[in-house]
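Q: Let's have the full structure, built from the sequences with the hints guiding it.
Protein sequence lines correspond, in order, to chains A and B. Residue numbers for the first sequence follow the numbering used here, beginning at 65 and rising by one. Residue numbers for the second sequence follow the numbering used here, beginning at 234 and rising by one.
Just so you know, not all the hints are guaranteed correct.
Unchecked claim - Beta-carbon label-pair distances, calculated as ranges:
| hint | chain 1 | residue 1 | chain 2 | residue 2 | range |
| --- | --- | --- | --- | --- | --- |
| 1 | A | L93 | B | G282 | 36 to 44 Å |
| 2 | A | Y191 | B | E326 | 45 to 53 Å |
| 3 | B | G282 | A | P85 | 31 to 39 Å |
| 4 | A | A158 | B | E326 | 42 to 50 Å |
Stated by the list, open to error - Using 27 Å as the maximum straight-line C-alpha spacing, the simulated DSSO-like pairs for lysine-lysine come out as follows:
| hint | chain 1 | residue 1 | chain 2 | residue 2 |
| --- | --- | --- | --- | --- |
| 5 | A | K162 | B | K272 |
| 6 | B | K338 | B | K354 |
| 7 | B | K358 | B | K338 |
| 8 | B | K354 | A | K105 |
| 9 | B | K354 | B | K272 |
| 10 | B | K358 | A | K162 |
| 11 | B | K272 | B | K338 |
| 12 | B | K358 | B | K272 |
| 13 | A | K162 | B | K338 |
| 14 | B | K358 | A | K105 |
I should point out that these hints are in silico values taken from the structure, not numbers from a laboratory. Backbone N, C-alpha and C fix where the C-beta goes; we use that ideal spot for every residue, glycine too.
Here is what each chain is made of, one letter per residue.
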Amino acid sequence: MRLHRHTAETHEQSHGIDLAPMLDFVLNLLIFFIIIAVFVKESSLMVNRPTGEQATQSESTSIPIQILANSEIWIEGRAVDLRAVRANVERMYAVNPKSGVLIIADREAPTGLLVQVVDQVHLGNVYNITFSTAE
Amino acid sequence: MPLRRHTPEQEDHGIDLAPMLDFVLNLLIFFIITTSFVKEAGVVVTRPGATTAEQRESGNILIAIRENGEVWMDRRQMDMRTLRPALERLHIERPDDTVVIIADKASQAGVVAQVMDEVTKAGIKEVSIAAAPEATG
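A: Laid out in structure tokens, this is it:
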């Protein structure tokens, strides 16, 4: 029967291409892409770094927040609690709505505190945050 | 001739693969488009929590900073000096990439600042600091 098919029906053979090898290949590609796909979605906070030209012109319109190595937060020469950061930022932002926040962190300050301060500033509706470090 | 093809003797010989092939090709295209080729950092760090952290779709280069100041990128420990050439190479490969710095809670802010500087010097504009989302409180 096999032989019969290959001889008598050659005009049928040209009718359709054999899709099986292509299907194998496509399935392999599909498996490759399924495995490669990593659906990583990091949630994160946007923070700017000071650039040369920014540092000169925006100094007067920024709210400075200092973070010391011993995890103290200083605003306007006073040590404040983390929970008071939001209120302070809201007050100073209301006085000058064009201002951004400048966080000056000590090199040894923990990043966890830095992120918490950024979070509190965000809660105070200020999103223009510049992060700089001091000795 | 078409009539001859439909004889029952041949019908059970092969299934019609065309609809399945269409479906599989669609799946393939979907996965090719959604693949984002994330460069994972390769170490586990405890992220600081933040209530206002936003999910970003396109953060595809992850740099981890461990408690002891080690910097990890693309499953390798990086030196501060080798970080920039590596980032530049990745930036040339995919110019629209963004960086997420995953810093440990207890890591030093100075290291984070240094890494951010290296990233901006490598020409990548968008840098953000990872935070674990918390319930609003």
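Q: Quick check: does the Cβ-Cβ distance between L93(A) and G282(B) fall within 36 to 44 Å?
A: 40 Å, holds
Q: Does K338(B) sit within 27 Å of K272(B), going by the straight-line distance between their CA atoms?
A: 21 Å, holds
Q: What's the verdict on K338(B) and K354(B), does the C-alpha distance respect the 27 Å limit or exceed it?
A: Measuring from Cα to Cα gives roughly 25 Å; hence the hint holds.
Q: Between the alpha carbons of K358(B) and K105(A), is the straight-line distance 27 Å or under?
A: Holds, at roughly 19 Å.
Q: Given the hint that K354(B) pairs with K105(A), test it: the Cα-Cα distance must not exceed 27 Å.
A: Holds: K354(B) and K105(A) sit about 25 Å apart, inside 27 Å.
Q: Would you check the hint for K358(B) and K162(A), treating anything up to 27 Å between C-alpha atoms as holding?
A: Holds. K358(B) to K162(A) sits at ~23 Å (cutoff 27 Å).
Q: Cβ-Cβ distance between G282(B) and P85(A): within 31 to 39 Å?
A: 53 Å Cβ-Cβ, so the 31 to 39 Å window is violated.
Q: For the pair we were handed, K354(B) and K272(B), check the Cα-Cα distance against 27 Å.
A: Judged against 27 Å, a Cα distance of about 19 Å means the pair holds.
Q: Between the alpha carbons of K162(A) and K272(B), is the straight-line distance 27 Å or under?
A: Cα-Cα ~37 Å, so violated.
Q: Between K162(A) and K338(B), is the straight-line Cα distance small enough, at 27 Å or below?
A: Violated - the C-alpha atoms of K338(B) and K162(A) are around 31 Å apart, more than 27 Å.
Q: Just tell me: holds or violated, for the beta carbon distance of Y191(A) and E326(B) against 45 to 53 Å?
A: 30 Å, violated
Q: Is the hinted pair K358(B) and K272(B) satisfied, with a Cα-Cα distance of at most 27 Å?
A: Answer holds: K358(B) to K272(B) is near 17 Å, not above 27 Å.
Comparing the model with each numbered hint stated earlier shows that hints 2, 3, 5 and 13 do not hold.
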